[in-house]
Structures are given as structure tokens and as C-alpha cells.
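Asks: Below are the chains, spelled out letter by letter.
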Amino acid sequence: MKDRLAAAVKQSRADYTEIRVERTWSSAVAFRGRRLETATVSEDQGGFVRVLNKGCGWGIASFTSLDELPAMVTRANELSRAVRVDDPIRLAETPPQSADAILELDGDVRGVPLAEKKKLLDRYNGAMLAVSSAIVDTQASYRDEVSEVWYVNSDGTSLYQLRPEVVVSGTAIGRRNGNIEKGLESIGLRKGWNSVQNFEQQFRVVAQRAVDLLDAPRVRGGAYPVILDNELAGVFIHEAFGHLSEADFVYENPQAREMMTLGRRFGKPVLNVGDNGAAQGLRGTLPYDDEGTPTQDTPLIKEGILVGRLHSRETAAKLGERPTGNARAISFRHAPIVRMTNTYIAPGTKGVGFNDLIGDIKLGVYACGAFGGQTMLESFSFTAGWGYMIRDGKVAELVKDVVLAGNLFQTLDRIDHIAGDFTWNQMGGGCGKGGQFPLPVTEGAPHVRIEEALIGGDV
Amino acid sequence: MIDRVLETARGKVDGADALWRREEQTAVSFESGRLKAAGISEEAGVNLRVLAGGRVGVAGTTAAKPEPVELVARARSSAELGEVVELAFPQAPGSQLPPIPTFFDRTANASLAELIRMGRLLVERLSRPDCQVNVAVQREVADTAVGNTAGARGEYRATGIAVTADITRIAGDDVLMVYDQYIGADMPSDADLEALVQSVETRLTAALNIVTPPDGALPVVFTPAGLAAVVLPLEQALSGKTVLQGSSPLAGKVGELLFDERLSIVDDPLTPGRPASRPVDDECVPSRSTGLVERGVVGRFVYDLETAARAKTQSTGNGRRGVFGKPHIGYTNILFRGNDGAHGGHTAGLGGGLLGDIDDGLIIDDLIGVGQGNVISGAFSHPVGLAYRVQRGEITGRVKDAAVAGNAYDLLKRIGGFGSDGRWLGARWSPSLLLEGVSVARR
Chain A
1 MKDRLAAAVK QSRADYTEIR VERTWSSAVA FRGRRLETAT VSEDQGGFVR
51 VLNKGCGWGI ASFTSLDELP AMVTRANELS RAVRVDDPIR LAETPPQSAD
101 AILELDGDVR GVPLAEKKKL LDRYNGAMLA VSSAIVDTQA SYRDEVSEVW
151 YVNSDGTSLY QLRPEVVVSG TAIGRRNGNI EKGLESIGLR KGWNSVQNFE
201 QQFRVVAQRA VDLLDAPRVR GGAYPVILDN ELAGVFIHEA FGHLSEADFV
251 YENPQAREMM TLGRRFGKPV LNVGDNGAAQ GLRGTLPYDD EGTPTQDTPL
301 IKEGILVGRL HSRETAAKLG ERPTGNARAI SFRHAPIVRM TNTYIAPGTK
351 GVGFNDLIGD IKLGVYACGA FGGQTMLESF SFTAGWGYMI RDGKVAELVK
401 DVVLAGNLFQ TLDRIDHIAG DFTWNQMGGG CGKGGQFPLP VTEGAPHVRI
451 EEALIGGDV
Chain B
1 MIDRVLETAR GKVDGADALW RREEQTAVSF ESGRLKAAGI SEEAGVNLRV
51 LAGGRVGVAG TTAAKPEPVE LVARARSSAE LGEVVELAFP QAPGSQLPPI
101 PTFFDRTANA SLAELIRMGR LLVERLSRPD CQVNVAVQRE VADTAVGNTA
151 GARGEYRATG IAVTADITRI AGDDVLMVYD QYIGADMPSD ADLEALVQSV
201 ETRLTAALNI VTPPDGALPV VFTPAGLAAV VLPLEQALSG KTVLQGSSPL
251 AGKVGELLFD ERLSIVDDPL TPGRPASRPV DDECVPSRST GLVERGVVGR
301 FVYDLETAAR AKTQSTGNGR RGVFGKPHIG YTNILFRGND GAHGGHTAGL
351 GGGLLGDIDD GLIIDDLIGV GQGNVISGAF SHPVGLAYRV QRGEITGRVK
401 DAAVAGNAYD LLKRIGGFGS DGRWLGARWS PSLLLEGVSV ARR
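Keeping their order, the protein sequence lines are chains A and B.
Counting from 1, one number per residue, gives the positions in the first sequence under our numbering.
Counting from 1, one number per residue, gives the positions in the second sequence under our numbering.
There's no promise every hint is true.
Unchecked claim - Counterexamples of contact, computed for chain B against chain A with all Cβ distances above 12 Å: (1) ALA108; (2) ARG295; (3) ILE415.
Unchecked claim - Where chain B lies over chain A, by a calculated footprint (3+ residues, C-beta under 8 Å): (4) 37-51; (5) 221-233.
Just so you know, the hints here were simulated from the structure itself, not pulled from any lab data.
Only a predicted model underlies this, so the values are computations on that prediction, with no experimental measurement involved.
For every residue, glycine included, the Cβ atom is placed at its ideal position computed from N, Cα and C.
Model the full assembly from the supplied sequences, consistent with the hints where possible.
Replies: Written out as C-alpha cells, the structure reads:
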């Protein structure tokens, strides 16, 4: 296949040409309540061509019929030539790469019968349903894939990557009279069959939580000291800051560039943030991004100061910085854009734990788990799965509908304590941007304390 | 293509249905006011569902030359694990499918240069100092064929065009983002593009002044764009699936008056000119409109074939399927209407004429994180993305760092007013709604 792509690149009349071909084998099982929804095996395949010419814009073609590859290279070139630009698009230099990068499969999912996958998910789904008669509905899903990606460009890069992925997730829905609550567990790994065994207890816990939330009051709206657990702190840094560190937000916007000037203080000296696509075995991990650039650990905030950002080759060239291996596409249907990989808040002082963060809070909120988050850059939202009030330095009653309303500049600067209990949160789902969802990413963080944050709710 | 697949399936399984779809897209994008890229995408795929031994199985492929024997075998092995469903595939309808125009030559034949011209016009109209304008124009032509072994067939061509424009204005540490779109099956007229420009400009101009948010239980006008958090719980609860599963708060409430008596909600696949309109659904059921809520009374839930079979009712023609996975329930065009004569037509101002009686409140045009909470319960709580303060009937400026919360089912029991600004936003039509007693929290 590499040779076929290399030949097509060679025949291209464009100044720069890249071709990505993907073949993805996947299987999926889903339960809704006690019923099986689906159990299927699928194969998806297709190609993506992107070309650039001097004085012209990008010409792009994506297609499912690989026989059309040479014709698509020609089409992409025509499209590029139809787009005249005044400001030339340049790509930062990267050394040509040539490799076969095979990530560890940890139990090749292609060799496991679909019936076994159904049995596994049945156990997890059954664990949720068995918790209580108040669990009226569940959604459980298992999905795995092994994706083969070939990438060749006219700068001499030629890569083959084998990327596995497996996601098991379950939502338990509790209902009593008019009240409806949910608990969500999701495990997503860039691994295989062996890595998703023995999670029954986690699924039981979320179903029990859905039941417990039926009796919990809604949190009262207002500004509180808030402690985020590891999972929510990870979602927080992804939404609150991660998206702003993506250079496509600033590279053609002078005002944004000024706002995100390297060297600017964003937080107190306790705050260290980075993005590491090269971390071992995580869901956002890739040896190379979708422009063939090797991934790396990129520091973004060091001791409270902005020190870096995430780049594609185009944004790096524009800003005179180096590509960071963050150009990613969710599939051959899309062009690579600047995305996060594994984003983290680095651990604080070793030995500092949750109890050290909570002691001096008279009235606050301990926000746990994540239903999701979304950013509008300066403002963002992150939705906790559940929460507890903190009263007189102690964890008090369970509360529901805990949604934090954040402001980038105020919230980051109000992080005053970071515990040492770092964990990576290997969730399913993924990140959405520019119509590309879900992109596999991981977030990692310890417990984090925010001096004051706004929580929505009745006032 | 589907004839070959269905022919192969016949005799090997009890019954089957299939969908074939081919889509071609052409897109141009302007970044920060400059034309940046042009692209095409071509995709074709087949989705097959079989009934074998009373059990349902599915298989799909995007292979260029799908092998029917392999596809049927894969669907059959999927069925071996499947549930027993008393699925009856619809027979060929006695009459013609409803004649709904889905294909517009002007859209299908629009040249790349024409798409670029449209984008450039918007960029020029929206450009202003210290603002970044992004515009994208995307045109799609899709061919769909559905069929089943009971003899039903449906085929249609459809066009769609989406023109989106967003402005980002950064002043110091203040980030303002304003966005709007035109989506249709036919090309936008000059008036449509002008309306898009006006819409973005109106939102932007009113947002330049920043004011302190109010707090408390307040009257809030949700614009058609801002309504998403309020309508999402209803869309979930009106799905036959959640009703069957026992998780819909509206289950068992058909015929009950649960909402404001002026509110009607319709799913309508027969609205001319909308990209979600179609003569037949993805399971060969002829299209028709469904009254979900009629004058405040819960009407009908929407079903696909499988959920309808389980609920012992008829499919409402809301079957939707992709190349992979099995058919599921999907809305087509969903229309929120007030029955007091307020049926849109454009009013230029924000708030659809509902601001007059508001002494202190908000206009919500965008909320952050919609869909991420415990949606079906009706409870929502979101930071504002784009919101304005209204004092003594006038917009006084944009508010930031505020969060709104409420329960959609409670708020829709009594609607303070339907705006005169009804419009399409994607596949949803609605006017602005004035809702009373929405919780607003601020720092």
C-alpha cells in the first residue's frame, strides 16, 4: 500500500501532496435495558488527499473508493489551483519519517468472537440492572477497532500505523416517580480485549449512584470554593485551557495572539499543564500525528506561566514555532486540524491529598466525575456527574446537577492547591471540534482546588 | 445495488431491508477573512438488516464493490446474537410516495466559483476592524435507495447547502463569538444571505457593551438558537424508544395537557425546501407529519419499525440509518409553533418583540454545554455563551459569567409569549419563547 501511495504522490503535479488511507476493522455490541440492541462487525475504508500549490490554498479530496486514488489526486490539485491566496500557506519543516509503528494490541480484538464480547457487556449491563429496581433503563456499549493507517507525503515521509482502541461504557438510569437520574461509567483505552476485563464493580457503583441521586437535592446556585476530583479536573483543563492552547485559534488572529502571548501569567506557581501524545498506552497516544510529525510532551503552562502551544505544520510555520505533533483527523473523511492528545495538570506536592485541600473550607462543593464539558474559549462549562457539599472542612450531603460556569482568566488564576494524587482518566467518548467528533483523547489530573467558582442552579 | 443485496438475502433469511446512499460534498472555507481551502468528498455505502430465525442482525460496508454474499453472511452472524423482534417490513404502498421536492438543480449545479462568490460576499459584508470572520459553504448531493424483501422500494435524490458565518472579536481578555447559518435544500437567495448578515450584525452590535448580569428567578427570552437546552429534553422524551425503556417522563401521558395550551410541536418530513425532508424514511415507510404535542396536549411519540413493533403500534416514518449500525429513531424537521397567530416572518430585532413587558431579565442566544447533563429529566443548568440583559423593555448589553438553570417541562407549562421571529435553525423551526422564573446565578 505504501508503494501505491508513493506512486500516486510522485505523479501529483502539486507542490505538496499528502495521502492518507485508512482501513478500520471494528465490532460493536450495545444493550438497552435488558435487550441487546446490536452486535455487529464492520469494515470501513477510504482515503484522503490534500495538496498545496504556491500562491494557492489547500485542495482536499476524501473518498471511499480507493480505485479513484489517482483521479482524486488530480481533483485535489484542481481545487487547490482554484483557491488563490495572497498570504502564502507555508508548512514548517519536519525531518522525513519512515516507520511501521504498531501499537500494542493487548489481546487482538479481531480474534475474539462477537459472542464473547456480547457476554462481557451482558455482565456489565447486568451488574447495573441488578443494583436496584429503581434502575429502569440502561445503555451499555462495547466498541473496539483496529485501524490501519498508511500515510505518505511529498516531503519524503512514509508511515504505516496500527492503532487499536476499545471502549466500554454504561449509563444507568434511575427513576422514582417523576425523578430521573443517571450514572455514567466509561472506560476507553488504546489497547485490546485484555484491558477491559473485570470492571463489574465500577458499573455497580455508577448504578448505585444514579439511585442515590434520586434523593439528592439540586445544588444551590452561586459562587463557592470548589474541589474537583481527578476526572473532572482533567475535563476542566481540557475545556478551560486546552482548546485555547490550540494554535489554530491564534495563528491568524492578532488579538488572540496578544491574549495568548507566551510568558503571560495564567495561574499561580502551583499550576503546571501539558499535552503528551507520546505517553505510553493512553487513548490519546499516537506515535505520529496525521501529518506524519512525531508526537511529544509539550509543556503549556509552567509554574503558572504560558510557555507553549499545540501546533500543526501550518500553524507552526505561521508563528515561527516548531510542530508538536498535534495535527489530527478523526478519519479519512476529514483534514487534520490542531487537537489535543493526552492533556494533563501535573501533580502538586507529593503526599498532599484530598484531605489537605478540604480542611479550611467552611462551605463549598466537591464536584466529582464528568458528564462532559464545552468551551467558548473565554467561557466554558463543565458538568459534574455528581457532587457533595463541603461543610466545615468535611464532605457533607450528596447534591445533583452540579455544573460549573468557568471563565478562563478568573478560574485558572484561582487554582490555589493541587494535590499529589495524579491519575490518567481513561474515558471513552472524545473531543469534538470543527465537526470532527469523537476524537480519542485522555485527560489526567490530581485533585484540584479552585478558591471560588460559579455553580449554576436555583438561587 | 440494493436489489442485488436483497436478491442475495432472499431465501437465506426470513426477510431483509437495505439502504444504499451515495453522497458528494463540495466545500469551501474562509479563515480569518481569507479563502483557505476547497474540498470534495465522495462516499457510498450499503446498510443491510436481516431477520433470521426471528432475530435481527445488521451489517454495513463502504467497500467500493460490496460483495453481497459476504454482507448477507455478516448480517446473519449478527442475527445469531440478536434479539427476537416481530418485525414486519412494509409492503409496497398502494399509492405513490408523497411528492416532496428534495432535489434542486441550482444547488446541485452550483459551480465551485459560485460557492466561493457566496462566501466572499459574506466575508466582505461582515468584515470589520478587530474582528475575525470565518465563513464556510458546503453543498451536498445525495442519492438514497431503500428497499425490502416485502417488495417496497423508495428512491430519491436530495440536495443540501449550508452556509455558516462566525465572527470572533477579542478585546483585551474579552472573547465574543457570534455565529449564524443558512441551511436549505435550495440555494440561498440574496435576501437569505442578507438576513444572515443582519442576524450576525444585530447580535454583535448589541453585545459590544458589557453589563452586570442580574440574578434571581427572572423572565428570560430564549431565541430560536438559545432554545436548544429547553427543547432537547422534549425531543428525548417524545422518542418512542425512551417511552419503551421507561425513562421518558412523558410515557403514559398521551392525551394529557402538560404544556401551555398554545404550544404545538410537529415532526414534519414534508416541509418543502428543507434538507431533512424526504418522501420515504430509511426503512421504506412513506413520510407523513406527526403531531407530537397539540395545543399543549401530548400527542404521539415517534417510532421506527422495531420500536413500533415492540410497542404494538405503527412506525411514524422516523427510521433513520447510517451505513453502519442498525436503524434508529430520528426526527426529521421539528416545528415549535404557537397557536396565537405568531408564525414568524422576520423581525429584525433580537427577542422577537417579547421584550416590552420585561422589567429585568435576559435574552439567551447561546448556552454552553447543552446536552451534557441529565437531559431527559428536564433539568438544565448552563453558563451563558451569548446572552443579553433586558431592563425596562430594552437591551442594555451583553452579560458574562452568569449561569441559567431550570426545568424544561415546568417552564413550558406557562409560556409568557411566542416571538414574531420564527425561523429555521438546522432542522428545527421555532420562534423565540419568553419563559418566566428561570434561575439566573452570577458570581
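Asks: If a hint holds in the structure, say so; if it does not, say that too.
Replies: Right, here's what the structure says about each hint:
1. ALA108: holds, 18 Å
2. ARG295: Holds, since 23 Å exceeds 12 Å.
3. ILE415: holds, 20 Å
4. 37-51: holds (count 10)
5. 221-233: It holds: at least three residues are needed, and the stretch 221-233 of chain A offers 3 whose Cβ sits within less than 8 Å of chain B.
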